[in-house]
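Protein sequences appear in the order of chains E, F, Z, X, R and G.
Okay, so the first sequence: first residue is 1 according to the numbering used here, each after it adds one.
Okay, so the second sequence: first residue is 1001 according to the numbering used here, each after it adds one.
Okay, so the third sequence: first residue is 2001 according to the numbering used here, each after it adds one.
Okay, so the fourth sequence: first residue is 3001 according to the numbering used here, each after it adds one.
Okay, so the fifth sequence: first residue is 4001 according to the numbering used here, each after it adds one.
Okay, so the sixth sequence: first residue is 5001 according to the numbering used here, each after it adds one.
Bear in mind the hints are in silico, worked out from the structure with no lab data behind them.
Treat the hints with care, as some may be off.
To be verified - Dumping the calculated DSS-like pairs for lysine-lysine here, alpha-carbon to alpha-carbon at most 27 angstroms:
#: 1; chain 1: E; residue 1: LYS437; chain 2: F; residue 2: LYS1022
#: 2; chain 1: R; residue 1: LYS4131; chain 2: R; residue 2: LYS4151
#: 3; chain 1: F; residue 1: LYS1103; chain 2: E; residue 2: LYS437
#: 4; chain 1: E; residue 1: LYS437; chain 2: F; residue 2: LYS1539
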Amino acid sequence: MSHWIVAPIVIPAFAAPLLLLVRRAPHLQRKVSLAATALLLAVGIALYGLAMDGTVRPYFLGSWPAPYGIVLVLDRLSATMVLLTAVLASAVALYSLNGWDEKGHHFHSLFQFQLMGINGALLTGDVFNLFVFFEVMLIASYGLLLHGGGSNRLRAGFQYVAINLVGSTLFLVAVGLIYGVTGTLNMADLAVKVSQVTGDSAAILRTGALLLFLVFALKAALVPLHWWLPTAYAAAPAPSAALFAIMTKVGAYCIIRVFTLIFGADGGAAAFVAAPWILPAALVTLLIGALGVLASRVLVDLVCFAVVWSMGSLLVAVSFFDAQGLTAALYYTLHSTLIGAALFLLSNLIATRRGRWHGLLQPSPSMVQAGLMGGLFFLAAIAMAGLPPLSGFIGKLMILAAAWPSALAGWIWAIVLATSLVVIVGFSRAGTVLFWKSEAVDASHPEPLPEPVRIAPLTAAILLVSGTALLAVFAGPVTRQLEATAQQLLDPAPYIAAVLGEQQTAGLPGRR
Amino acid sequence: MTIAFLPLIPLLGALFPPLAIKSGRNVCALVTLLPTVAALVLLLAAAPTVYAGGVVRAQYEWLPQFGLSYSIFIDGLGLFFAGMILGIGLLIIIYARYYLSPKDPMGRFYAYLLLFQGAMVGVVLSDNILLLATFWELTSLSSFLLIGYWRHLPGGRQGARMALVVTGGGGLLLLAGLLLLGRIAGSYELSEILQRGDMVRASPLYVPMLLLVLGGAFTKSAQFPFHFWLPHAMAAPTPVSAYLHSATMVKAGVFLLARLWPVLAGTEIWILIVSLVGLITMLVGAWIALFKDDLKAILAYSTVSHLGLMTMLLGFGTPMAAVAAVFHILNHATFKAALFMSVGIVDHEAGTRDIRRLGGLLYLMPITGTLALIAAGSMAGLPLLNGFLSKEMMLEEAAHAAYAGNAWIVPALATLGALLSVAYSARLAIKVYLGPVRSDYPHPPHDPPAGLWLPVAVLVAPVIAIGLLPALVATRVVSQTALAVIGGEPLPIFKLALWHGVTPALLMSILAFAGGLGAFVAWSALDRLRLSLPPPEAKRIFDATVSAAVTGSRAAIAALHTGSLPRYFAVIVGTILIVGIAGFASGSYSPGMRPMLPVNAPAFTVWAILIATCAVTIAAHGNRLLALILSSMVGLGVSLAFLQFSAPDLALTQISADVVTTILLLLALNLLPRTTPRETGHARKFRDGAIAGLAGLGIGGLAYAVMTTDLQSISSYHIAQSKPGGGGTNVVNVILVDFRGFDTFGEIIVLCIAALAIYALLESSLRGAAARRLASMRQGIEAADAHPLMLVVVTRVLLPLVLTVGVYIFLRGHNLPGGGFVAGLVVAIALLMQAIASGYEWAAMRRRINAHTMLALGVLAAGLTGLASFLFARPFLTSTFGYFHLPVIGEFELASAMAFDAGVFLTVVGTVLLSLSQIARVGARAERNPVPEGPSDIRFPQRADAAVSAAAPTYRQED
Amino acid sequence: MEILVASAIGFLTAAGIYLILRMHSFPVIIGLTFLSYAINLFLFAMGRLAIDRPPIIASGVEGYADPLPQALVLTAIVISFGMTALIVVLALRGFLETGSDRVDERPSPSDSGERYPS
Amino acid sequence: MIASACLIAFGAILVSAVLALFRLVRGPDVLDRVLALDTLVINIIALIVVIGLWFRTSMYFEAALLFAMVGFLTTVAFCKYLLRGNVIE
Amino acid sequence: MSARLFPHPLLSITVAIVWLLLVNDITAGQVVLGLFLGWAIPKLTSAYWPDRPLIRRPGKVIAYAFIVLMDIVISNIQVAYWVLYRRGPSLRSRFVTVPLDLTNAEAITTLAGTITMTPGTVSADLSADGKALLVHCLETDDAEATVAQIKDRYERRLKEIFE
Amino acid sequence: MAIFETLVALLIVIGAFFLFVGSLGLAKLPDLMRRLHGPTKATTLGIGALLIASMFYFALIEGDPSIHELLITLFLFLTAPVTAQMIAKAYILRSQQTQNALPPTGGRTGWATLDPAPADGSAETSRD
Ligand code: NA
Ligand code: NA
């Protein structure tokens, strides 16, 4: 059993309290935080390398056998997501050196705790432990959202927290119902037990499964559960918002995980119970997201709705629950995480260069580094809107292709493409105002614009944008990996066998 | 070098001009020329193979799983178009070097130009239709940049956006169409698809696919009714217009029709749609061109018209028409590029492009004038020029074309198109170059430097050459290209010649020529006619559509995202209800047989109290303090329920957590409004009541449904293993610190984060608006003593006693109800009592450990306990325990789980102290009068508090 | 007894939901605590009810209440404690900043100076 | 006999709880409610003690102790709030 | 045995006894643990104990406790009668002032506590200078007598114990 | 044994009775100061009797001597007066009528709830 599997959780879990102990030394804090993030990245790469062989590796915490203790599971999917998180975290950590980390208290501790929560949610193989890590992730995100204060952030924060508390409540109801019927919490064990549930309890089980789906859908900002996202992410400090780009994906990840492993093809009375709900909701999400992009008057709002829109695309792909769909969904997950984060960082970089105009989509005097900013924005917008040659285009292509067998293929194509056009319109309007129209504004404007030119934050944004380019260039190899991941998801038997081992038949064994 | 690099050379080359511009404009232009020349050389190197009937290919996998590969091939059509793109591109680069003013950022211009060039080459050389779609969208993007190059011009920005929206949107249609096509044909490789035309045309999906592809082609080629974007794109610098609208961008649509001709063409619907759209476009474009005063606008609409002509030819679906189309593509590219450039020269030299302000330029700038007149002549279709030849071919094809069974309508309208073409060409030529020399040009015009006119001359050369010696110059190209267009079919016999005898085409041509001149003469009358017609609406409709979409989406988003939490909650809870009910209804259910427990009196009482409390809370929640008291009641009831149903640990945890929550809420309520205003509106209350009632019914019903069934749970293992495996008899505690210790690890981290977040939140409230509001906060009547003597004395006595209880609860937790969490809360309660009785500062001063440090140590202690198992090569959090024996003391147990629990304990104490002391600190800001310093407000002479202060540890500021 | 517990859960939930649909932060918070009470009971009830059978291992005792949901509820209580503390402070902080504790209003235009570091 | 006594006690505690609840609902002053809550806690402690006797177990002792502590702190906090506004100052 | 090591010997003993009460089990091990806590807890909390409350005559404490317990039982019956059989408004309730001779905070607190615990009287407040107690009587004709009884029966004894 | 049982049962009933009286007082008496007397009874004799019953029961009948009930008694005896006084103080502060009915302290200062403590132990102001 490789202890490295628990490392993505333990590293930040130790880094954060250490950061508390050195809270009076900001420079040391930065070093500790960066070092922990770098370590996390290294571990993420190593774990990915480990998972690439297709073996499912369980990690039995406390040496207790599954399903009695808590088990972490490293498979292709969790390794991919952990690596993605680490990559994103590295960029965000770099960006926060902008001075963001000093705008309030405990930024780095909260940041590390947030990473711990995300990684825990990605690695755990236990539904209640998933709840716990969701809470860790959420409460850290509350802290990060509120970092630096300000009235908007507080209002948005209250909404975000309140809605998520209802989500947490729902999570407990769902877990309770599922436990009440099956008597277990371990996902692999659930996969076994759920398939054996008889008709008498099917209604309860289905209700539990659907409520669980709603919990994840809330995190994934699926309409009509998306309300919190535009306000919260728009109000969040840029690095926080960028880090949050992964949180919606954790929601999507959980849908993929739970509804392939437990309530997938072998889900008995609750097989594919969520599938009929996802597609229509995802299509509406696309529409709302695109409308929001077009409606936004402020850059960061536009980015927020673009994120909603991208979640719609992603979940359309998820809804098929087949190899092509999951491959597309996973690719889109990688893509939209990187590009969402990049756009949040960029919108902040742009806003800081525009003086009192900030992110307002109105002409202002031309900003410092307008060329560079414009270029980055152009690339990021292309990627987000799904125009070639960046990853958004590839992702869209894959989703459209995956939709082919669906009975609603026509609708899916129409809505995906039509909303793409709307998003293109929105981004082109924003870009022309920010970079072109602004250049046209009288240069002799009395108000000098600020000149924040620091390398670290720029590097972070550039790295993320280049990430989408790399995803596009290496779409073939990446997709092959993701295809293998999708295949692994669609065949839960090895997962179940790896986690439960021979315990299924062997009575009550002692500690491993 | 492989031809795979052909599109990439310009694309990558685009990186360099912006860097080179620092070395001067000539270097920059050279750097731009280099990749173009390189690509051209690479292309021409393939020409011999292609002209020998071969095809050059290169293929790399990109996304094979989804049919996307990087496949490049050069056949006749690709070679023809790529040659045109690169060749004219070369001229444009030279021309632009002299055209752009020193103020224009030339590096950027060339970068965009190369991007565009690469994308165009990619479109025409793609052997994979998805790759084609990729490059297709890239041309939209790069043309967006080119059209918007002059950012200061509002027209440029709007034009660029419009072009992007129309062509980019068309690109999306095309993408869908090509995906469909690939599905139908079973391959995305063009060379394979081209073999499967019959299969494609027989597919039931042929029509939707065709419509989508045509949507892409028509938008790109500015076909009616999408023609409106093209003239607005003329805001771009002239080299851009010359490039985009003569040889490249707009031709992409025509290229696509030609490329897919073997697969798509020939069906009835193809002919009906394509030829009609082409015909209409030809007429509409020409008609509008006739009345424009801006030279570029004339050329733009003329381009629209000529694109319509080509589309119409391809739409006829006959091989001969295809040959004509190819020939006209070539001819149009030459004369139109030359015309655009010459207009640029005029604009550059005379300072205006307005036809009304020009005239007689032939005499002032003879070189330009001559070249322009020749090109215009070709556009008009004058004999001896190449435009004449292809127009003849067109008319010939039109003469034989029947549309929907009608034999004369196409020839008539085609002749009308030719007529208008003659008319606007004449107007352009005569009004600008001929006629009297004027004295009021904005600039005195004269011939430009050779750099500007030489490219024009280079283009005019083939105009004449083909016009005079078509067979010699053009046959090879046209036939090879046409062969590629018509695919497998045999190339029809055609002869490129000046004289075909008296054919219908000749008659039509003469008619058109005469009529055209007539129209030119009668221009004013025609103009009056035009003015009496309704004005063209396309752009207005487009603008109105976009702005309506923006307004509409703003209204929709504003209506949906009101920012109202109650509304969001109503929607969310409603969704949960709907999905939950649907989920339940979709499965089968029958109640279980589990025997129910009999109701007893205490339980019933607690139940009644809970229900009553709920009711009173709903009715009286406006009084916040009352609501708080009621919620404390509920907490008591719930913990009693836990106690009743054999969960002592839960009862202990619930009440101790509740009291801290209550104190926290009281601290907050001190600074919040004391009452909640009554809400108006019974409908609203009814709605909320209905939602709440349904939710309650649902969850209560589910709980009951589950409780009627029996449960086989994994927890029998926990019960069995608790003592032998976990070393404790309190199974709940062993689960918490051992079986599921990882949950608890997460849980204390939640607490730690909560404390940190609270700390950070409140720390910032000591500044800014919040601080001002705090300072101006008016308190109600207050008691004079902040620290009543009796309270102080009793809590002080209680402190060691309660701490002892805390230790007791901690130590017994593993075996009996209790544990680190409850113990932590008990200790926190003991310390809180001190703070309440004697004041925050007084109590904080006496605490020995900083709450931050306590938090950190708590998490670290728990984590290190987990990590310690690595030393024994066991997974994280593997516990161990042992029984030890000491003299006097006897046997006792030590378990690593206790160290873990100690971490829990520390975290809990730290969390409570940090949060509550922080909020108390904020509350202290609202004090009007200085609060007497603790411990008691009443001092007795013999009691020397002063001495104590000296002995006490120094005051700790939490940070 | 089960019907009492189930109906209590239902009433607590209904009260909680009704309160979170109010327009001010304080009742929302009280509503959330009601909800958390309800859900803690619910989760607990998923292990079925048992009287006088606390899961403390002792010789001669036959059956025990299901300890697992108890452990889960304990975790849930602690977590909701932390969450409640945070949201209370958040409501307070918001009120101090804006002078209003309404939760049914649109936030002011999301672009304001405080969002960006200067 | 002890069982009967316990039943009587249950009855008395039940009635007491209802009386306290009456005061809680009736008020009129918020202090009456605080006092009612305090009384209710005392009734609960008594109930726990009687339940311990009923089931012949001392398992619930800590609960009773904790209820006593918590009840005290809650009441003091409410009073401090009413007296001074700020509970911890 | 210095004051640093055992800041509050009385408290230490109390803690040890409380510990034994808690564990409900007198074994050697628990006694040792109790003594350890009796040492550790007062030491940890010494900062909260500015000075040592001294009980000068521990023997008198027992007697005092006995008297108070007796009074509690007797007057409880009295009060129960009032509550059960008298109409509320007919009770002649009033505040009385008990001037204090005690000058020790612990002593005053004990007195106030005693007054409250014995039914019929509740100590409601202390004067701002700590020299008088405000006592509410549920039913009294003769305030003077009540005050005298308090001073004689309780305060005198407490003065002996504490001062 | 029977005598012990009777004793325990009696104590239980006594405890229950005084608890009831306390709550009845709370519900029945007309103003807060009078109601305040109720819970005090319940605390002292009510809980006290029950706890003694519990101790007797475990020591005499179960043969498992248990005296930790004393701790609860101790705790309640320590805290109940404080609770009562805090409530009384709050009531005095909130009720103008009660303030008017208060007797003088007899010293130079007023009651602590209404008057600040004198600085340096010397009285400055007097409210009444
Ligand atoms: Na709670
Ligand atoms: Na105050």
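Satisfaction of hint between F/LYS1539 and E/LYS437, Cα-Cα up to 27 angstroms
Holds, at roughly 21 angstroms.
Is it true that the CA of F/LYS1103 sits at most 27 angstroms from the CA of E/LYS437?
holds (18 angstroms)
Given hint F/LYS1022 paired with E/LYS437 - CA-CA distance at most 27 angstroms:
holds (25 angstroms)
So if I understand the rule, the pair passes when the alpha-carbon distance is 27 angstroms or less; does R/LYS4131 with R/LYS4151 pass?
holds (13 angstroms)
Of the hints listed earlier, there is not a single one the structure fails to meet.
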